[in-house]
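Peer 1: One letter stands for each residue in the lines below.
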Amino acid sequence: MAEKKSLFKEFSKGIIKENPTLRLVLGTCPTLATTTSVESAIGMGIAATVVLICSNIVISALRKVIPSKVRIPAYVVVIASFVTIVQMLVKAFLPDLNNQLGVYLPLIVVNCIILGRAEAFASKNAVIASAADGLGMGVGFTAALFLMSTVREVLGAGSFYGMSIPVLSAHPMLIFILPPGGFFVFGLLIALSNKLATKKGKKPANLGGCKACPFVDSCNSANCENASKEEVAE
Amino acid sequence: MKNENRKLTVSASPHVRSNETVTGIMLDVIIALIPALVASVYVFGFRSLAVVATCVATCVLSEYICRKVMKRNNTITDLSAVVTGILLAFNLPVSIPLWMAVIGSVVAIVVVKQCFGGIGNNFVNPALVGRIVLMCSFPTAMSSWVMPYAWKSTTDMLTTATPLAEISTMFKAGDVSAQAFNANGALPSIGELMVGARQGCLGEVCAIALIIGFLYLIIRRVISPVIPLTYIGTVAVIMLIAGKGSVDFMLYEILSGGLLLGAIFMATDYTTSPINFKGKIVFAIGCGLITCLIRLFGSLPEGVSFSIVIMNILVPHIENLTFSKPFGTPKKQKEVKQ
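In order, the protein sequences belong to chains F and A. Going by our numbering, the residue at position 127 of the first sequence is 127; the numbering climbs one at a time, nothing skipped. Going by our numbering, the residue at position 34 of the second sequence is 34; the numbering climbs one at a time, nothing skipped.
In case anyone wonders, no lab produced these hints; they're calculated from the structure. Be a bit skeptical, because a hint or two may be false.
[Stated by the list, open to error] Capping the alpha-carbon separation at 27 Å, the derived lysine-lysine pairs in DSS-like fashion look like this:
no.: 1; chain 1: A; residue 1: K172; chain 2: F; residue 2: K17
no.: 2; chain 1: F; residue 1: K64; chain 2: F; residue 2: K195
no.: 3; chain 1: A; residue 1: K278; chain 2: A; residue 2: K325
no.: 4; chain 1: F; residue 1: K195; chain 2: A; residue 2: K68
no.: 5; chain 1: F; residue 1: K9; chain 2: F; residue 2: K195
no.: 6; chain 1: A; residue 1: K325; chain 2: F; residue 2: K195
no.: 7; chain 1: F; residue 1: K64; chain 2: F; residue 2: K124
no.: 8; chain 1: F; residue 1: K9; chain 2: F; residue 2: K124
no.: 9; chain 1: A; residue 1: K172; chain 2: A; residue 2: K244
[What the hints assert, rightly or not] Partner residues are not named here, just some residues of chain F that face chain A (Cβ under 10 Å, in silico):
no.: 10; residue: A33
no.: 11; residue: L168
no.: 12; residue: L174
Built from N, CA and C at the ideal position, the CB exists for glycine as well.
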């Protein structure tokens with residue numbers, strides 16, 4: 001029972017509390033680049049989710065085999081293989097989406113969320129928990145992209161998922177589909193999600209403290225603001 | 001020196017208070033903007049008044065609502081929202097649909113000013129960002145210009161290029177000599193530029209009105225003349241070089257864009273300009289440089305708003321580099337790392 005509950009927790013934390021784009025501010029490049037339309041945002045979100053789950057499973061399974069000194073290259077090789085598979089599938093079955101996403105599809109290899117979860121979670125946790133974490137983070141990423149692209153496409157192009165909206169399509173605010181508009185929307189959504197996550201005396205999200213920190217080996221925790229207090233006291 | 005005969009009193013600082021208040025300063029800025037407002041009504045008709053009223057009303061209202069929603073004490077009485085509204089309206093063409101002016105005002109106040117903490121905390125000039133957002137969103141509406149005095153004639157509104165776009169084309173064609181300026185019939189004369197008989201944004205057309213406002217602000221000591229003079233001077237020098245010594249080209253560049261409005265009222269904003277003399281010089285030269293680069297080599301004819309916003313963002317770094325040494329400290333003191 002206890003394990004099941006924690007599994008659900010691993011899944012659900014990625015959606016709001018530790019939402020990778022809006023709370024952890026990872027993977028901002030694809031977030032800004034692919035949210036000009038809802039269609040490409042959902043495509044990007046699903047592609048990244050698939051890669052994230054698969055790479056989390058494999059890295060978690062191999063976590064005792066991979067020597068810690070060469071772990072980053074090893075992770076990148078695993079991630080790159082899955083990205084290649086996903087890219088080939090998208091090219092074969094969804095050529096339109098492939099054209100829309102362009103270079104951002106192969107760039108999932110260096111997506112901070114995937115490498116970050118591999119480093120912070122999959123390399124330290126069991127296979128099933130890692131899969132749940134990957135799924136949760138992927139859903140959170142997709143949800144954030146969907147939200148952002150909805151705002152940007154509706155206001156910036158006057159359409160939603162390619163369907164034009166009567167009044168808005170006459171006077172689209174072009175800035176929303178330009179890069180500066182992306183930053184505006186992104187900043188406002190981060191502000192909103194921070195407000196929602198910290199309201200009414202809720203504790204700020206514990207992002208795992210030093211255990212989950214990728215810099216734990218090279219860091220003296222005295223100056224680190226993310227270190228939880230007990231760990232500093234030790 | 002009434003206090004000389006008093007007994008020594010000990011109290012917490014500040015010990016010297018001036019009668020200046022934010023409201024007073026903002027009121028002075030509004031007074032300085034009135035000549036330009038009158039000129040714009042004279043040139044473009046009463047629709048310019050409607051644009052200004054829309055911007056001011058939206059700015060004040062959105063500031064009020066924003067402070068209410070954020071549960072902060074209300075600051076609309078300091079008149080800063082009114083100044084933002086007037087300045088934004090001054091940066092819009094007279095033919096702009098009013099709902100676009102509303103969007104620009106909301107962006108300026110809500111996103112740029114209140115999201116960053118209200119007056120004194122905005123990192124760039126709110127009115128300029130409002131203008132840039134509108135410029136990027138509705139390029140056609142933001143660059144359709146009405147002929148001066150068109151409101152007096154019964155014919156339909158004429159849309160023509162601004163003088164700045166005209167001289168930009170001339171510069172790119174390679175001939176900016178005095179003869180070329182005389183030969184170009186589409187350009188207003190220097191005298192017409194001074195009184196505002198030209199196409200352009202509401203507040204920028206009448207150079208004389210802007211200069212009257214500038215002198216008022218200097219006399220009232222609201223702004224120091226360092227930034228406007230350095231800014232305009234930099235543009236003048238660069239344009240003189242770029243025009244191969246053509247004085248006409250330089251004068252048209254200074255008088256026919258938003259340079260005077262930007263240099264006098266936008267670049268001197270307290271929150272977003274450096275404090276020190278040295279910092280002000282660096283800031284103003286940077287503004288002038290970017291303005292000239294955009295005007296001479298960019299695809300847009302006007303670059304004042306972008307240059308001021310870019311330099312606004314650099315102000316914290318300028319402040320760090322021009323930090324004045326406290327009096328009495330040793331000359332060669334190395335910075336102590338914290």
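Peer 1: Would you settle whether the hint for F/L168 is holds or violated, based on the nearest Cβ-Cβ distance to chain A being less than 10 Å?
Peer 2: 12 Å, violated
Peer 1: Would the hint linking F/K195 and A/K68 be met if the CA-CA limit is 27 Å?
Peer 2: With a Cα-Cα distance of about 16 Å, the restraint between F/K195 and A/K68 holds, given a limit of 27 Å.
Peer 1: Please work out if A/K278 and A/K325 have their alpha carbons no farther apart than 27 Å.
Peer 2: 12 Å, holds
Peer 1: Are the Cα positions of F/K64 and F/K195 separated by 27 Å at most?
Peer 2: Given that 27 Å is the threshold and the Cα spacing comes to 40 Å, the pair is violated.
Peer 1: Going straight from one Cα to the other, do F/K9 and F/K124 come out at no more than 27 Å?
Peer 2: 16 Å, holds
Peer 1: Is the Cα-Cα distance between A/K172 and F/K17 27 Å or less?
Peer 2: 55 Å, violated
Peer 1: Would the pair A/K325 and F/K195 pass a check requiring their Cα atoms to be no farther apart than 27 Å?
Peer 2: Violated, because 40 Å separates the two Cα atoms, which is more than 27 Å.
Peer 1: Check the hint pairing F/K64 with F/K124 against an upper bound of 27 Å on the C-alpha distance.
Peer 2: 9 Å, holds
Peer 1: Would you mind confirming whether the straight-line C-alpha gap from A/K172 to A/K244 stays at or under 27 Å?
Peer 2: This hinted pair holds, its Cα atoms lying about 13 Å apart.
Peer 1: Hey, does the F/A33 contact hint survive, CB to chain A under 10 Å?
Peer 2: Because about 18 Å separates F/A33 from the closest Cβ in chain A, which is outside the 10 Å limit, the hint is violated.
Peer 1: Holds or violated: F/K9 and F/K195, Cα atoms, limit 27 Å.
Peer 2: 21 Å, holds
Peer 1: With a cut-off of 10 Å, does the beta carbon of F/L174 approach a beta carbon of chain A closely enough for the hint to hold?
Peer 2: 5 Å, holds
When held up to the earlier numbered hints, the structure conflicts with 1, 2, 6, 10, 11 and fits the remainder.
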